[in-house]
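Undergrad: Protein chains in written order, with my numbering: chain E, 5 to 65; chain U, 6 to 160.
By construction, these hints were calculated from the structure, which means they are not laboratory data. Some hints could be false.
Cut-off 16 Å, straight-line C-alpha distance, at most; resulting in silico cross-link-like pairs (EDC-like, lysine to aspartate or glutamate) [unchecked claim]:
no.: 1; chain 1: U; residue 1: K93; chain 2: E; residue 2: E60
no.: 2; chain 1: U; residue 1: K145; chain 2: E; residue 2: D15
no.: 3; chain 1: E; residue 1: K40; chain 2: U; residue 2: E120
no.: 4; chain 1: U; residue 1: K141; chain 2: E; residue 2: E21
no.: 5; chain 1: U; residue 1: K105; chain 2: E; residue 2: E21
Derived list of chain U stretches under chain E, where covered just means 3 residues or more per stretch with a C-beta under 8 Å from a C-beta of chain E [to be verified]:
no.: 6; region: 81-88
no.: 7; region: 91-103
no.: 8; region: 133-146
Between beta-carbon pairs, the in silico distance windows are [stated by the list, open to error]:
no.: 9; chain 1: E; residue 1: K40; chain 2: U; residue 2: K93; range: 22 to 28 Å
no.: 10; chain 1: E; residue 1: Q26; chain 2: U; residue 2: K74; range: 20 to 26 Å
no.: 11; chain 1: E; residue 1: E37; chain 2: U; residue 2: K74; range: 24 to 30 Å
no.: 12; chain 1: U; residue 1: Q96; chain 2: E; residue 2: A51; range: 34 to 40 Å
no.: 13; chain 1: U; residue 1: K74; chain 2: E; residue 2: S13; range: 27 to 33 Å
no.: 14; chain 1: E; residue 1: L64; chain 2: U; residue 2: Q134; range: 49 to 55 Å
A quick note: this is a predicted structure, and the numbers were derived from the prediction, not measured. Even for Gly, the Cβ is constructed at its ideal location relative to N, Cα and C.
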Amino acid sequence: MLQNKSILSPDAIKLIEEIYGQAVYDINQIKKERDKKINDLLRGIDAKQAAAAIKEIRDLQ
Amino acid sequence: MGEKELNSLIGEKKKLEDKLSRVTSKIDKSAEAALAATQAADAKFSIVIPNISGYEIAEKHYSKEEIEKKRLEVELERINSRIEEARKVVQAAAQAAKTKFNVVVPNISGYDISEINSVERVTDQQVDQVVAESDKKVEKVIKESEPVDGGTLVI
Numbered sequence: 005m006l007q008n009k010s011i012l013s014p015d016a017i018k019l020i021e022e023i024y025g026q027a028v029y030d031i032n033q034i035k036k037e038r039d040k041k042i043n044d045l046l047r048g049i050d051a052k053q054a055a056a057a058i059k060e061i062r063d064l065q
Numbered sequence: 006m007g008e009k010e011l012n013s014l015i016g017e018k019k020k021l022e023d024k025l026s027r028v029t030s031k032i033d034k035s036a037e038a039a040l041a042a043t044q045a046a047d048a049k050f051s052i053v054i055p056n057i058s059g060y061e062i063a064e065k066h067y068s069k070e071e072i073e074k075k076r077l078e079v080e081l082e083r084i085n086s087r088i089e090e091a092r093k094v095v096q097a098a099a100q101a102a103k104t105k106f107n108v109v110v111p112n113i114s115g116y117d118i119s120e121i122n123s124v125e126r127v128t129d130q131q132v133d134q135v136v137a138e139s140d141k142k143v144e145k146v147i148k149e150s151e152p153v154d155g156g157t158l159v160i
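Throw the hints in and build the complete structure from the sequences for me.
TA: Encoded structure:
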């Protein structure tokens, strides 16, 4: 819990809510970027695995 | 009319004037008391008591200063609650962003998800940084904010 011992002005409270609002927005952006990166990586991994599996089958033939 | 009778009437008049003066004085005092009572009642009702469950204020037991102190305490609690609420939203967003990506790992040897783990590590650090920076900015605002009532309330 943040401690303060002064009665803050409405402007200060508004500013605090804006700061935290911006933090939520930034975090959600980071999460979106993370999910996109991971999805891209997964597609890449799947493609590599498929290529490796096809190679194994060809080698067996 | 004789002189005696006239003096008697003058005496009677004086008595009546004294009586009238006393009654008028009483009426004035009652009016003053009524006015004071009205002002006190108005002063009492001008205090905004926040609608917070469990918060009760017995005006007759408190001085004006004590009532003001209690009002400030409740106001402070309300402000802290708003700040805390905003912060909880940030924490919830941070927790959601740091929740591990739901990767279904196929049972294939050599399936390497280390790159995914690496991306998640970076994300976690970025989220921690955003949360820390926002807290720091808020602390600064609180520290630098001018108290509305011109003084610091120490509870």
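Undergrad: Which hint numbers doesn't this structure obey?
TA: 1, 5, 10, 11 and 13
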